[in-house]
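Chemist: Based on the sequences and whatever the hints tell you, model everything.
There are 2 protein chains.
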Amino acid sequence: MSDSATKAKPAVSPLAPPGGFPDLPVIDGVRFAAVAAGIKYRNRDDVMLAEIAPGASLAGVFTRSATRSAPVLDCEAKLAALGSQEAGFAILVNSGNSNAFTGAAGAETVRAVCAQVARAMDLPEAHVFTASTGVIGEPLPAEKITGAIAALKAGLSPAGGAAAARAIMTTDTFAKGAAATVRIGGTPVSIAGFAKGSGMIAPDMATMLAYVFTDAAIDRSVLQDMLRAQTVRTFNAITVDSDTSTSDTVMVVATGKAGHGRITDADSVEAREFAAALEAVMKDLALQIVRDGEGATKLVEVRVTGAASDADADRVARAIANSPLVKTAIAGEDPNWGRIVMAVGKSGAKADRDRLSIRFGDILVAEDGWVAPGYREEAGAAYMTSDTLLISVDLGLGDGSATIWTCDLTHGYITINADYRS
Amino acid sequence: MSDSATKAKPAVSPLAPPGGFPDLPVIDGVRFAAVAAGIKYRNRDDVMLAEIAPGASLAGVFTRSATRSAPVLDCEAKLAALGSQEAGFAILVNSGNSNAFTGAAGAETVRAVCAQVARAMDLPEAHVFTASTGVIGEPLPAEKITGAIAALKAGLSPAGGAAAARAIMTTDTFAKGAAATVRIGGTPVSIAGFAKGSGMIAPDMATMLAYVFTDAAIDRSVLQDMLRAQTVRTFNAITVDSDTSTSDTVMVVATGKAGHGRITDADSVEAREFAAALEAVMKDLALQIVRDGEGATKLVEVRVTGAASDADADRVARAIANSPLVKTAIAGEDPNWGRIVMAVGKSGAKADRDRLSIRFGDILVAEDGWVAPGYREEAGAAYMTSDTLLISVDLGLGDGSATIWTCDLTHGYITINADYRS
Numbered sequence: 001m002s003d004s005a006t007k008a009k010p011a012v013s014p015l016a017p018p019g020g021f022p023d024l025p026v027i028d029g030v031r032f033a034a035v036a037a038g039i040k041y042r043n044r045d046d047v048m049l050a051e052i053a054p055g056a057s058l059a060g061v062f063t064r065s066a067t068r069s070a071p072v073l074d075c076e077a078k079l080a081a082l083g084s085q086e087a088g089f090a091i092l093v094n095s096g097n098s099n100a101f102t103g104a105a106g107a108e109t110v111r112a113v114c115a116q117v118a119r120a121m122d123l124p125e126a127h128v129f130t131a132s133t134g135v136i137g138e139p140l141p142a143e144k145i146t147g148a149i150a151a152l153k154a155g156l157s158p159a160g161g162a163a164a165a166r167a168i169m170t171t172d173t174f175a176k177g178a179a180a181t182v183r184i185g186g187t188p189v190s191i192a193g194f195a196k197g198s199g200m201i202a203p204d205m206a207t208m209l210a211y212v213f214t215d216a217a218i219d220r221s222v223l224q225d226m227l228r229a230q231t232v233r234t235f236n237a238i239t240v241d242s243d244t245s246t247s248d249t250v251m252v253v254a255t256g257k258a259g260h261g262r263i264t265d266a267d268s269v270e271a272r273e274f275a276a277a278l279e280a281v282m283k284d285l286a287l288q289i290v291r292d293g294e295g296a297t298k299l300v301e302v303r304v305t306g307a308a309s310d311a312d313a314d315r316v317a318r319a320i321a322n323s324p325l326v327k328t329a330i331a332g333e334d335p336n337w338g339r340i341v342m343a344v345g346k347s348g349a350k351a352d353r354d355r356l357s358i359r360f361g362d363i364l365v366a367e368d369g370w371v372a373p374g375y376r377e378e379a380g381a382a383y384m385t386s387d388t389l390l391i392s393v394d395l396g397l398g399d400g401s402a403t404i405w406t407c408d409l410t411h412g413y414i415t416i417n418a419d420y421r422s
Numbered sequence: 001m002s003d004s005a006t007k008a009k010p011a012v013s014p015l016a017p018p019g020g021f022p023d024l025p026v027i028d029g030v031r032f033a034a035v036a037a038g039i040k041y042r043n044r045d046d047v048m049l050a051e052i053a054p055g056a057s058l059a060g061v062f063t064r065s066a067t068r069s070a071p072v073l074d075c076e077a078k079l080a081a082l083g084s085q086e087a088g089f090a091i092l093v094n095s096g097n098s099n100a101f102t103g104a105a106g107a108e109t110v111r112a113v114c115a116q117v118a119r120a121m122d123l124p125e126a127h128v129f130t131a132s133t134g135v136i137g138e139p140l141p142a143e144k145i146t147g148a149i150a151a152l153k154a155g156l157s158p159a160g161g162a163a164a165a166r167a168i169m170t171t172d173t174f175a176k177g178a179a180a181t182v183r184i185g186g187t188p189v190s191i192a193g194f195a196k197g198s199g200m201i202a203p204d205m206a207t208m209l210a211y212v213f214t215d216a217a218i219d220r221s222v223l224q225d226m227l228r229a230q231t232v233r234t235f236n237a238i239t240v241d242s243d244t245s246t247s248d249t250v251m252v253v254a255t256g257k258a259g260h261g262r263i264t265d266a267d268s269v270e271a272r273e274f275a276a277a278l279e280a281v282m283k284d285l286a287l288q289i290v291r292d293g294e295g296a297t298k299l300v301e302v303r304v305t306g307a308a309s310d311a312d313a314d315r316v317a318r319a320i321a322n323s324p325l326v327k328t329a330i331a332g333e334d335p336n337w338g339r340i341v342m343a344v345g346k347s348g349a350k351a352d353r354d355r356l357s358i359r360f361g362d363i364l365v366a367e368d369g370w371v372a373p374g375y376r377e378e379a380g381a382a383y384m385t386s387d388t389l390l391i392s393v394d395l396g397l398g399d400g401s402a403t404i405w406t407c408d409l410t411h412g413y414i415t416i417n418a419d420y421r422s
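Chains A and B, in that order, give the protein sequences. Taking my numbering, I'd label the letters of the first sequence as residues 1 to 422. Taking my numbering, I'd label the letters of the second sequence as residues 1 to 422.
It is worth saying that the hints were derived from the structure and are not from the lab. Ideal Cβ placement from N, Cα and C applies to all residues, glycine included. It is possible that some hints are incorrect.
[To be verified] One side of the interface only, derived from the structure: several residues of chain B facing chain A at Cβ under 10 Å:
{"no.": "1", "residue": "101"}
{"no.": "2", "residue": "102"}
{"no.": "3", "residue": "241"}
{"no.": "4", "residue": "323"}
{"no.": "5", "residue": "326"}
{"no.": "6", "residue": "415"}
Modeler: Below is the structure:
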């Protein structure tokens, strides 16, 4: 029984960013390393370590799954109890095994790994955060990870972000990175992040795994609030298959080394400028996860406006984005707007057939309870051949709006998830 | 743009009942006819008519979709306003076009068809019920239907149920029928029903289309309450693809011709005996729809017990039954219980990792927050090769329980819904 770990590897997603993995800026106060510990995969790195200098602010959001993994439970508890920032921090992530549904032994494994990392790096155990991604329900071979700590420590480098991003991949067909720079009070501030995720993606607080590092100086509570709000609009606004992982984790680390005046007020100009740059990086990473959705050939933005409330708009957007019939129609390049009507109807949101309108890109498809008079099926069919699609629905009822990103449902998804027995 | 109407026809589902369409008993007071009106399909019947003698009790439940079809809206209004039962009734159903999202013209079409049927059969217009299934968003060619009424009337026969069942099929690969007999006060009572449905199946009040006829004598209000309660446990407890149709309709017709004392009390022995037989027919039809799920190769019963409430159990059962990762694992005959843990976790129901247990058939797979000590992967894999599977989850928290039936998610589903452009 396995999930992402033992699947046959598809070729790189056709939706992969053309430029490849970006050049991540070095973040003063953070070093990375990656090694091959042989947890599940052969001939590739599968553990990464990030070392963070003293004084950093950390924020995190995690899956709300009722069966969340041992590392998630450990991270949540440590973040909630975090006291002094005077010591440094470490983040250790393995792929190939999620350490989820592994009972008391799973928690013990997290404790053992954290203790060893803390000892090797001279850090408090409460400052060591881990994450695990891969098979659910198999014991995590802690000794393989602890046996790799010395090599990880020796390999730490400010330029190691790309290797770290590759080490946490599972069914990902490309490594996902994003960066931004922003000036705060005239001082340049860098933001660099990476993420993994491809299937079991319908994040309910955060996506599979994403780590963002910045040299900004910012209070932990301001950073945490910022992350929580932005997660709603980025990682929580994507869905590949409506299935929510047991391991979803997003962490943001701000080392404070940039040299600008510390951000302590969430409503300040500096906070807003930093927030915009951070959100751009988070959104970029979130969309890369959709672009690497299992079997995906189309990136689809579903934009709902005119709903009675934002919550209703979100309901409609998710109903469309998660509908197997809508997603297979998109895979078939079929401008099947009747299935969008169906999804609106089943969403549970307030809707009035005679007031809703549907657009594919700029093409008005349906309005006034019927197909739009000027709509031609050929125009819709031509639009659907694009690999990036916008489906807009206006409910004509109020000011509620929401945007969700998803991908199509193809034979590739079935092949990845059904055809290969573990 | 089309749905079920123009898809390539797969071979008969491997899960089709081995005996084929059952011999439906004749129901005194009901006659059926079917003809080929050429609405969408060629060389097959696509309209059926049922004529019901005066004095019958009718009950119905319909989709709760906010974008429900014109015929559904018409049936709801007529049932709510139904007065005298002294005149007879007619039910006319077409396949190939759902008359959904067809604006004011859709309602006008229903009115025109009902008026013509009423005139031809000398019935009040308020006693004519219609349903339409097929393409969403295309105008229903009313003249093709009205042009067929004379032939339908001429063809009416007490033995026409099987032909009627075939006429309402869309992507169905086999016609679905079920029957039962029950003695009420020593008098034999017959129940015969048929249904259609294969995709866009996650009924939210009733399934695509199902019609059940009986010669029982029963008050309309008792029958309606019975139908509503039984729908929850039968048609509303199945899901093929989590997509809810705009046309879901279940109607029950009781002609009262059997000759037993009329059932007027829902709590009487007679009512309970009749209810049990009716529910057996409804469940049989509901499961046949799952057996004909688009691309289905496995019929799966998901049974959840020990939940904090019945609503929580239902949430967990639906999360499992609708999870693409669970359904693809089943298609791959992979005993991937980690995905069941995932689905429990994402359901939103109260759950405790350390108290839940999972069984495949009689095989205990997981308990106490981890894989069961005696579980062997080979046993799970062998079980998954069966074409009828039982997945049981006990949450260990309370007395809440629920059962949902579903099928697997295969390449066949993608092929049916994505590979064929309309």
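Chemist: Compare the structure with each hint and give your call.
Modeler: Hints, one by one, checked against the model:
At its closest, the beta carbon of residue 101/B sits 5 Å from a beta carbon of chain A; the interface hint therefore holds under the 10 Å criterion. Interface hint status for residue 102/B: upheld, as the beta-carbon distance to the closest one in chain A is roughly 6 Å, under 10 Å. A cut of 10 Å between beta carbons decides the hint on residue 241/B: the least distance to chain A is about 5 Å, and the hint holds. Below 10 Å, beta-carbon pairs count as interface contacts, and residue 323/B has one with chain A at about 5 Å; its hint therefore holds.
At about 8 Å, the closest approach between the beta carbon of residue 326/B and any beta carbon in chain A falls short of 10 Å, and the interface hint on this residue holds. About 8 Å separates the beta-carbon of residue 415/B from the nearest beta-carbon of chain A, less than 10 Å, and the hint is met.
Of the numbered hints stated above, none is contradicted by the structure.
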